[in-house]
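2 protein chains.
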Amino acid sequence: MFETVAVVGATGAVGRIMLKLLEERAFPAGEFRLLASSRSSGTAVSFRGEQCQVEELTHDSFDDVDLVLSSTPDQVAAEFLPSAIQAGATVIDESGYWRMDPDVALVVPEINPEAALGAAGIIASPNCSTTQMVLALKPLHDASALRRVIVSTYQATSGAGAEGIEDLQAGTRAALDGQSYDYRCFAHPIAFNAIPQIGSVKEQGYTSEEMKMVIETRKILGLPDLAINATCVRIPVANGHSETITVETERAIDPDEARRLFAEHPGISVLDDPAEGIYPLPTACSGHDDVFVGRIRRDLSSPTGLTFWCVADNLRKGAATNAIQIAELLSANRSDSPR
Amino acid sequence: MFETVAVVGATGAVGRIMLKLLEERAFPAGEFRLLASSRSSGTAVSFRGEQCQVEELTHDSFDDVDLVLSSTPDQVAAEFLPSAIQAGATVIDESGYWRMDPDVALVVPEINPEAALGAAGIIASPNCSTTQMVLALKPLHDASALRRVIVSTYQATSGAGAEGIEDLQAGTRAALDGQSYDYRCFAHPIAFNAIPQIGSVKEQGYTSEEMKMVIETRKILGLPDLAINATCVRIPVANGHSETITVETERAIDPDEARRLFAEHPGISVLDDPAEGIYPLPTACSGHDDVFVGRIRRDLSSPTGLTFWCVADNLRKGAATNAIQIAELLSANRSDSPR
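Residue numbers (my numbering), protein chains in the order written: chain A, 1 to 339; chain B, 1 to 339.
No lab work stands behind these hints: they were computed from the structure.
By construction, the Cβ of each residue, glycine as well, lies at the ideal position given by its N, Cα and C atoms.
Relax, there's no trap hidden among the hints.
Just so you have them, the derived chain A footprint on chain B, three or more residues with Cβ under 8 Å:
#1 138-152
#2 226-233
#3 236-246
Take the sequences, apply the hints, and build the full model.
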């Protein structure tokens, strides 16, 4: 087990769920340190039955720390996490900054645990929209090689942090009352709208969020040339990302086989009886740790195509849960592990 | 021109917009009759500066009527429109009932006006999600033959009628206030949710809405074997359907060429400068008659693929505007036309 665990970004939307999961899952550790930016330091946070003071994150925060669980903006991860590595800590990072560094392991524990166990430096947790898709893709790829992936996302405002949820609620209330509202997280009003841009605009007209889905998926699956086409859209959902995913595989995977492959894979739950109104819904999947799939059917436009709907709690499996699962994997495999 | 025009379903969500468009566009006719079910008959509706009484729709409503503009549930269209044809009227129908009848013309005036001009019986206007997609596909297909279409929709609640908008507003207010609400139009709460089912479940796990996008698109484009894969999702938007569309064409159409093809085509507007936050948004496109496209880019997963985002007012071009445009086309081409 790890003796001293630091939670960086402990007051953020993902940080708070990390603390909840550490409690719920009784993560074994001697001591926890809660860290945040100077803006949030001093806050008292309820954790394991106590009120814990959040300390300010500095380059000296990592003395004697064995494990760092970090969820911060990219710039904070860029600045502070090398200090944690230098101090000898194992670092699990939720930010986007380190993911595509060739020396950094990008890990979904149900897919590539070996990458976490063999990591020398930072271990990164993927982007939320990537994690749920790549987990759903894995059992299909194991059954028949993926040839192409086309995904459209329906992403919740919590992906933009706690302010994203507040923006949605306050903006929606204002819209219903015929009032205006100044959004802090979104370039356009998200109330009763769909915004086809998440992140900045990068190469060839794709956004940063879309390119994360392409390059992170390739890295996690070890398929550097996998053909992926992503469109990422923000919708007025508070929490829980949804995705329509169409894949082409080397041989056709029929829907019954796909249902079985999904159901047998760790971390995936199948909800698929549309005639009875049963399929994953973001409101219902929010608060759960699994990736949920449904609407599984043959792609009518390709002989080797399969189409399905995939929903997960973006703050949990898309972020906090995945990080904690990596930490549990490492904890159980430490030479000093009592397990 | 037509002497006597009957508007059937005059009090519905689409019917009211048809009346507005007939006013705004000064549709030439001697007399208008407003018809609705017995539940709504007797209602007074403001039309062309007067309060007009809505009459009850019966089989005898069509005596001396030259043109019928009809927007009703399928069963009403099935029961009453044959009486209108028998009475010698030209009938333009918004419902889904007659669209796939081989004797019925299915028309988007910018695409297949000849089908309307040559029609002997009912002329059907397509499903809202189909109309905007097929209009965007047309200039691409004219430039290079379509091989495959993959579409995911983000559909507004007004597609379920006036009650759909009320459900969204009342349900959202209840959700914000922590109250419950009994939805009339939706099998699951639509507030802050995404529901991957529109219509009933049909063949191979596809819904009726998804199959409309497949079979209606093929009929309108005259491409009976076109490969189309649709996933239709209801989201918490009041009005304006959005779609992510990926196409494969015989030769690659590059994004600049696509932008030009779209911009030159009647009924399509291009809004495409994502770095400046410019792309179609359903809240902004609501109330407009065009189909709007943006996020036009090369499909990274196919050498002949193109991906874009498409938004239209589902009550206007998706329904009322398309019907009125068909009526204008017919009116201008009548032998007695003064134009």
